[in-house]
Amino acid sequence: MYDVSIIGAGVVGCAIARELSKYDLKVAVLEKDSDVSNGTSKANSGIVHGGYDAAPGTLKAKLCVKGNQMFKQLDSELKFGYNKCGSYVLAFDEDDHKEILKLYEKGVKNGVKNMSIVNKSFILANEPNVNPEVYSALFCGSSGVISPFEFAIALAENAADNGVEFFLETPVTAIEEIDGHFIIKSDDRKFRTKYVINSAGLFSDEIAKMAGMEDYKITPRKGEYLLFDKDIGNMANAVLFQTPKEGSKGILITQTYHGNLMIGPNAKYVYDKEDMLTTKEGLKEVSDQAKKSVPNIDMSKVITQFAGLRSSMEQYDFIIEETKKGFVNLIGIDSPGLTSSPAIALEVLDILDKSGLGLDPKENHISYRTPYIRMDHMSNEEVNELIAQDGSFGKIVCRCESITEGEIVDVLKRSIPVKTIDAIKRRARATMGRCQGGFCTPKVMDIMCRELNMEMTDINKSEKGSYILSGKTQKAEGGNEQWSMIL
Amino acid sequence: MVYDLIVVGGGPAGLAAALKAYDEGIKDILIIERDYVLGGILNQCIHNGFGLHKFKEELTGPEYSEKYIERLKDTSIKVKTETMVLKVTEDREVHTLNEKEGFQVLKAKSLILAMGCRERTRGAISIAGARPSGVFTAGTAQRFINLEGYMPGKEVVILGSGDIGLIMARRMTLEGANVKCVLELMPYSNGLTRNIVQCLDDYDIPLKLSHTVVSVHGDKRLEGITVAKVDENLQIIDGSQEYISCDTLLLSVGLIPENELSNVCDIEIDKTTKGPVVSDTRETSKKGIFACGNVLHVHDLVDYVSEEAEIAAVGAAKFIKNSAAEQKSIKTKGCNGVTYVVPQKVGLDDQDKVVKMYLRVNKVYDNSKIKVTAGGVEIASKKYDRLIPGEMASINLVKSKLKGIDMDEVVFEVEGA
Ligand SMILES: Cc1cc2nc3c(=O)[nH]c(=O)nc-3n(C[C@H](O)[C@H](O)[C@H](O)COP(=O)(O)OP(=O)(O)OC[C@H]3O[C@@H](n4cnc5c(N)ncnc54)[C@H](O)[C@@H]3O)c2cc1C
Ligand SMILES: Cc1cc2nc3c(=O)[nH]c(=O)nc-3n(C[C@H](O)[C@H](O)[C@H](O)COP(=O)(O)OP(=O)(O)OC[C@H]3O[C@@H](n4cnc5c(N)ncnc54)[C@H](O)[C@@H]3O)c2cc1C
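So the sequences go chain by chain: E and P. Residues in the first sequence are numbered consecutively from 1, following the working numbering. Residues in the second sequence are numbered consecutively from 1001, following the working numbering.
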């Protein structure tokens, strides 16, 4: 019997798993996909929000500000990469200016630190690519950026290192309540558990329904993005927001943690929770709007586009509650859910504690996670030392991001199993650069075959069915010597 | 230690440049290549069609490069393969990484950049829709089939009628795949005419001109695409949308010179060619650093790559021997139908010289003429039966004709465009 079972390994589920891993408990995480952080947590803006735009007095305001303040410490323990680059909300006229003054007031009420109203010359001195017609801005020095999936993966790996059991490719299909505990079913498999945490993101209303709670309804709200080549990353140094108008937050421009320029998201209700399609109109809206803040974005430098879905509900605030004895719902965790996630986890622990789950600290708990080997952070001497030990660190596989074979093999050996090209991409960054895997996909697949004992034709991009190769060529089938030599 | 010459990239451009520099008397040469073999993109081009101009015979890609690689053995030219150049600097330092020597900084009196190009991706042309597996650039598919022995899929549509797309249409058909059609945005193909005949017509593969992909469907593997017709302004014609089911979409939508190294070195880049701005010796804006081949501008025929590499080698050899005199130079420019001209600058002092100028046009021109003027005076012209964007054209510029003309630039245009 598990003490706690967490449904959904997004950033929220992973943050809770990591927090629970500090205590003497038997914890399971059940995730339908082949990797953690494969839902909303992989497709968002990656911003650690300051917390000035949440309505004062709400959970969103409280947990965002609290979460924000936890990132420095979290990064020192988990080494996922965090850049406290600051943010601007740009105002282009008197009306905008009045709005940012209101935001400033809200920020003060919410307890946000390091805010100031800055003038045009300050903005242009620090952000020379901003539209020179800018009037003023709200600067917030406590905002920052992270790579959202690397954060979630780091939380998950640290939780797994401390004994939390992750079950991937395990979709929850039914939940039963028997004798004061729960049986969670995933097709034929059963998990008995005292407590259930429902952190299934977009699907959390459906999970609640499985346990007889019918009152929630999530409507997905899509946000589309364009990601650009690193060589124009410095078009924005801090995060550049637009002044919110008539309920729309506007389009932001940011340099991602790894240095690409990114613009987005728009906001459109959709009806299908799997609808991650980008649309021509949506992408046009994003680029047209972004150009109002930064006019000279070179659209020929786009390397990819993607979309993410917000879990929106009629109610504004997050729902975090033990709706039924032993069953904690986290529903409607839309923005700023990423920022809030570490504080949400503490909130959930508090709920569990009050509900009677004993929290005895684990003696041998390790709060540090060994970071992935990242050669771009090393000095030349360190690089040479590493290569002297293992030559595979001298073999570049992904040319665009300069990722070596050694760095790829390193991410395959962690406590959360890696099975797909996308899982490697999110950890080692191979296939993520300007050629989007054109050159290195074949090499990455060779490494997967060798290290994970897979067949080329069994390798998926992401979920089951997303195969890369359909079979061997006629020549290779014929066992031609030439091919066996190259393979 | 300082090499006389370091060549970055061991494709046809790098090979030809190194060998020519050797013939010019430079013996201390190093070629650096990131792949485990020399030959560049030619290694995966196992079809015929290389060397018709240069060797007057039809060779496959590997056969063409083999002619050069063979010759290397009789020279003192050194080669480092599986070595990535991470950076080049203005002072001609070359930062490298490999398995055996780790990170190193090498120096040379002169550098020749021959890094080739890479393919444009789906992102670069902003195709909306889902992001399933099954969308490949044509070159990646070529690599899987020809080098790894695997098929990327069975029901195939190809977007872009550039040469790689055309060649892959044939290749996949021969391997038993069903190539449903080749779509081309423009009203004409960007590929060589002989490839359209030999790769599409001979296999009854339809070429749909003025068509593009508007959306991609399928949440795991590609299931189909929506295609549409476009008008003369390349805008989608409403109502022309059509769904085609397929498990594979190959993109052959153009190549981009790989100038990340040039950018970091702050070499001036031509916005149109996306390659360095060079003089007629193929010297870039940085002294002693030369460029040639696809890194300079995308070539359709390897023969011209080799030719251009030799020009760069002669320039580099002169520079190394300190016999390259500072020259006054004049800018060249394409307009009225001519999209670009390489070289972008021509030296004015060595007036006995003839410079072969390479250019491309913006659309198809039948029975037309390229006119070259300087300060309003016509100094050269050449007639062509047919000029098409997919085939590079050339015209000779006799420098002595520039003598005494008061001019800012030399202008190339299609007469009457
Ligand atoms: C466009 C956009 C931009 C955003 N930008 C920001 C930002 O800049 N800063 C910020 O703080 N927040 C941002 N957010 C919000 C943030 O991304 C989310 O709040 C956060 O990622 C939610 O995490 P989650 O774990 O709740 O959900 P998810 O990441 O969706 O995780 C839920 C998991 O549950 C799994 N699951 C679902 N059903 C089942 C089942 N039946 N069985 C097992 N597993 C199941 C899913 O596969 C998924 O892995 C943004 C959101 C969007 C959409
Ligand atoms: C698929 C395809 C089909 C073609 N078909 C024909 C045809 O039928 N007939 C014809 O005549 N021409 C054809 N061409 C054109 C011809 O092959 C190219 O123009 C020619 O290969 C370009 O030569 P290159 O040396 O400039 O570039 P490449 O061949 O691309 O060589 C560049 C080399 O530089 C290396 N390099 C790059 N960066 C670095 C670095 N940082 N460190 C170390 N090494 C580096 C690369 O690995 C590569 O080996 C075809 C081209 C392609 C792509």
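Rather than coming from a laboratory, the hints here were simulated on the basis of the structure. Heads up, a few of these hints could be off.
[Said to hold, decoys possible] Lysine to aspartate or glutamate pairs mimicking EDC-like chemistry, simulated, CA-CA at most 16 Å apart:
{"id": "1", "chain 1": "P", "residue 1": "1100", "chain 2": "P", "residue 2": "1074"}
{"id": "2", "chain 1": "E", "residue 1": "472", "chain 2": "P", "residue 2": "1155"}
{"id": "3", "chain 1": "P", "residue 1": "1220", "chain 2": "E", "residue 2": "463"}
{"id": "4", "chain 1": "E", "residue 1": "472", "chain 2": "P", "residue 2": "1082"}
{"id": "5", "chain 1": "P", "residue 1": "1382", "chain 2": "P", "residue 2": "1366"}
{"id": "6", "chain 1": "E", "residue 1": "209", "chain 2": "E", "residue 2": "179"}
So, going through the hints one by one against the coordinates:
no.: 1; hint: 1100(P) with 1074(P); verdict: 25 Å, violated
no.: 2; hint: 472(E) with 1155(P); verdict: 15 Å, holds
no.: 3; hint: 1220(P) with 463(E); verdict: 7 Å, holds
no.: 4; hint: 472(E) with 1082(P); verdict: 27 Å, violated
no.: 5; hint: 1382(P) with 1366(P); verdict: 13 Å, holds
no.: 6; hint: 209(E) with 179(E); verdict: 20 Å, violated
In this structure, the hints that do not hold are numbers 1, 4, 6, in rising order.
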